[in-house]
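Q: Chain residues, written in single-letter form:
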Amino acid sequence: MVNPRTLRIDLASPRPVYEQIVSGLRAMLVAREFARGEQLPTVRQLAIDLGVHHNTVAESYRVLAEEGWLDLRRGRGAVVLDRREPKPSSKAKQRFARNLEELTAKAVAEGVPRSAVAEHMAALATKLSRT
Amino acid sequence: MAHPQILFGAVMLLVIVFVEWLFWMLPLWSRPGIFFAVTVVPEFRSSSEAARILRNYRIQTLLSVAIAFALVVIGALSLKFAFLILGIVWLMVGPLFSIARAHKNAMRHAIATPTIREASLTPRSAQLPGGWLLQLCPFAIMLITAVYIAVHWQQIPDRFPVHWGVDGKPNGWSDRSVLGAYGPLIVGFAVSIGLSIIVVSFSYLARHIPTTGDLPSKGDFTHRIAIFLLGIEFFLAAMFSLAALLPFTGNPGLAPIVVLVIGLGGSAIFLRGWISRGASRSVPADGTPDNCWKLGLFYFNPDDSALFVEKRIGIGYTVNFARASAWICLALILFLPIFLLFLILQQH
Numbered sequence: 124m125v126n127p128r129t130l131r132i133d134l135a136s137p138r139p140v141y142e143q144i145v146s147g148l149r150a151m152l153v154a155r156e157f158a159r160g161e162q163l164p165t166v167r168q169l170a171i172d173l174g175v176h177h178n179t180v181a182e183s184y185r186v187l188a189e190e191g192w193l194d195l196r197r198g199r200g201a202v203v204l205d206r207r208e209p210k211p212s213s214k215a216k217q218r219f220a221r222n223l224e225e226l227t228a229k230a231v232a233e234g235v236p237r238s239a240v241a242e243h244m245a246a247l248a249t250k251l252s253r254t
Numbered sequence: 011m012a013h014p015q016i017l018f019g020a021v022m023l024l025v026i027v028f029v030e031w032l033f034w035m036l037p038l039w040s041r042p043g044i045f046f047a048v049t050v051v052p053e054f055r056s057s058s059e060a061a062r063i064l065r066n067y068r069i070q071t072l073l074s075v076a077i078a079f080a081l082v083v084i085g086a087l088s089l090k091f092a093f094l095i096l097g098i099v100w101l102m103v104g105p106l107f108s109i110a111r112a113h114k115n116a117m118r119h120a121i122a123t124p125t126i127r128e129a130s131l132t133p134r135s136a137q138l139p140g141g142w143l144l145q146l147c148p149f150a151i152m153l154i155t156a157v158y159i160a161v162h163w164q165q166i167p168d169r170f171p172v173h174w175g176v177d178g179k180p181n182g183w184s185d186r187s188v189l190g191a192y193g194p195l196i197v198g199f200a201v202s203i204g205l206s207i208i209v210v211s212f213s214y215l216a217r218h219i220p221t222t223g224d225l226p227s228k229g230d231f232t233h234r235i236a237i238f239l240l241g242i243e244f245f246l247a248a249m250f251s252l253a254a255l256l257p258f259t260g261n262p263g264l265a266p267i268v269v270l271v272i273g274l275g276g277s278a279i280f281l282r283g284w285i286s287r288g289a290s291r292s293v294p295a296d297g298t299p300d301n302c303w304k305l306g307l308f309y310f311n312p313d314d315s316a317l318f319v320e321k322r323i324g325i326g327y328t329v330n331f332a333r334a335s336a337w338i339c340l341a342l343i344l345f346l347p348i349f350l351l352f353l354i355l356q357q358h
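Protein chains in written order, with this note's numbering: chain U, 124 to 254; chain D, 11 to 358.
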């Protein structure tokens, strides 16, 4: 059983580590894994546990703070904010649809059964509707 | 003492047997999947090639320890200080060459280091063993001793022995001065402060490795190491306090030998209890790439924020030498007490 509050990165991935941290954390924030006002680990603690440079984690936190997910006031660490979801632009919607299509195609091309892709998407949709 | 040379030889033999035992067992204390600081398949440790590397390592360490013992015995019999020092230094350094050699041989069987890293997103608070109160106890012991010395200052002889030769006769003296009387306590304080900083740092700056692949180990391993260091602090506080009370007690007699035997015996029992623990821990990845373990002993990784990482040979933690704070820690632990000791010896 994987702890839902465990962040996982892959150093062999072509994606930069800071992006992986941003994506992983964002997914948890969207899924409301953290309550408003809850504290995340300090930059140093997370960097130590992941075995990466603290600047990498600091950059990830900064990106999430710019998106409105975190409050990074000095001395308080990273605190989860109650982020109001912005009104999506048509551009953002188009980008999401394109990305999803590309991702699905890639998964199928790599041999993931279509039924499994559909199952994952349905599960994700259910999870989203609950939050 | 009737046979001081025999007594000295017996003590040295005890120390050397203990050190050899440590080096003999060291490779077995690594986690499964690690062999001489190299990531290998868990089954490798029971292969004939691993047995060959281990056998060669043990033969080399035995030789190193035998050379060290010979140097110490020559030094003691001929009363040549240089041989004694050389023997003790070789006792520590000689087996390290064997480790480096075994590491190099094991590297041929290395597998790719896991690239997946996991971290818990639950903030943790540092838990000091016994809390701050227990952390302060070793200092309290030395403080009480200091107060006792101050109160009984007039009872201290103008000149008193602080060192005894193998024949039991004093060969080093000190006088009734602040450095002379409080010297051992000053060194004890310096060492204890260094160790305390490390104990506190462990709780914050050591990596908590997931042991099952999904949950953090709750700092259990770091906590045990912190307890061990605290035990050393208590031991040192007692030793330095006893040394500071020498002007009142005179020749310590067999007390240091008894304390040494208890210390070594206690350490051996404590370490032995960890053998099964070290072998049974399931750690998928410790987050330290193989190529960052220089000679299998020294971790150097500028991209890793951790100051303390779990050792890959033996048990416990080592520092990340790529971090400046690691050198400050070493300076606190090693050089500050040595510097203070040098200052005190100058006074003598």
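FYI, nobody ran anything at the bench for these hints, they're computed from the structure. A portion of the hints provided could be inaccurate.
Derived DEER-like restraints, expressed as beta-carbon distance ranges [said to hold, decoys possible]: (1) U/E189 to D/W142: 57 to 67 Å; (2) D/S335 to U/P139: 20 to 30 Å; (3) D/N66 to U/E189: 48 to 58 Å; (4) U/A158 to D/H233: 27 to 37 Å; (5) D/W142 to U/P139: 22 to 32 Å; (6) D/V271 to U/A150: 13 to 23 Å; (7) D/L106 to U/E189: 46 to 56 Å; (8) D/W337 to U/A158: 53 to 63 Å; (9) D/A150 to U/K250: 54 to 64 Å; (10) U/D133 to D/T132: 15 to 25 Å; (11) D/L106 to U/R185: 38 to 48 Å; (12) D/S335 to U/A232: 40 to 50 Å.
Where is the CB? At the ideal position from N, CA and C, for every residue including glycine.
Q: Now look at each hint and say whether the structure bears it out.
A: Right, here's what the structure says about each hint:
1. In this structure, U/E189 and D/W142 break the distance hint of 57 to 67 Å, their C-beta atoms being roughly 39 Å apart.
2. Between D/S335 and U/P139 the C-beta distance comes to about 26 Å, which sits within the given range of 20 to 30 Å.
3. Separation of D/N66 from U/E189 is about 57 Å and conforms to the stated range, judged on CB atoms against 48 to 58 Å.
4. Distance hint check for U/A158 and D/H233: the Cβ-Cβ separation is about 28 Å, which falls inside the suggested range of 27 to 37 Å.
5. As the Cβ distance of D/W142 to U/P139 is approximately 41 Å, the hint placing it in 22 to 32 Å is violated.
6. In this structure the hint that D/V271 and U/A150 lie 13 to 23 Å apart at CB is violated, the actual value being about 58 Å.
7. For D/L106 and U/E189, the hinted distance range of 46 to 56 Å is satisfied, since their beta carbons lie about 49 Å from each other.
8. For D/W337 and U/A158, the Cβ-Cβ distance of about 41 Å falls outside the hinted range of 53 to 63 Å, so the restraint is violated.
9. A beta carbon spacing of about 55 Å between D/A150 and U/K250 agrees with the range 54 to 64 Å that was offered as a hint.
10. The hinted window of 15 to 25 Å between U/D133 and D/T132 holds, with their beta carbons roughly 22 Å apart.
11. Roughly 43 Å separates the CB atoms of D/L106 and U/R185, a value that falls within the hinted 38 to 48 Å.
12. Restraint check, D/S335 to U/A232: a C-beta distance of roughly 48 Å satisfies the suggested window 40 to 50 Å.
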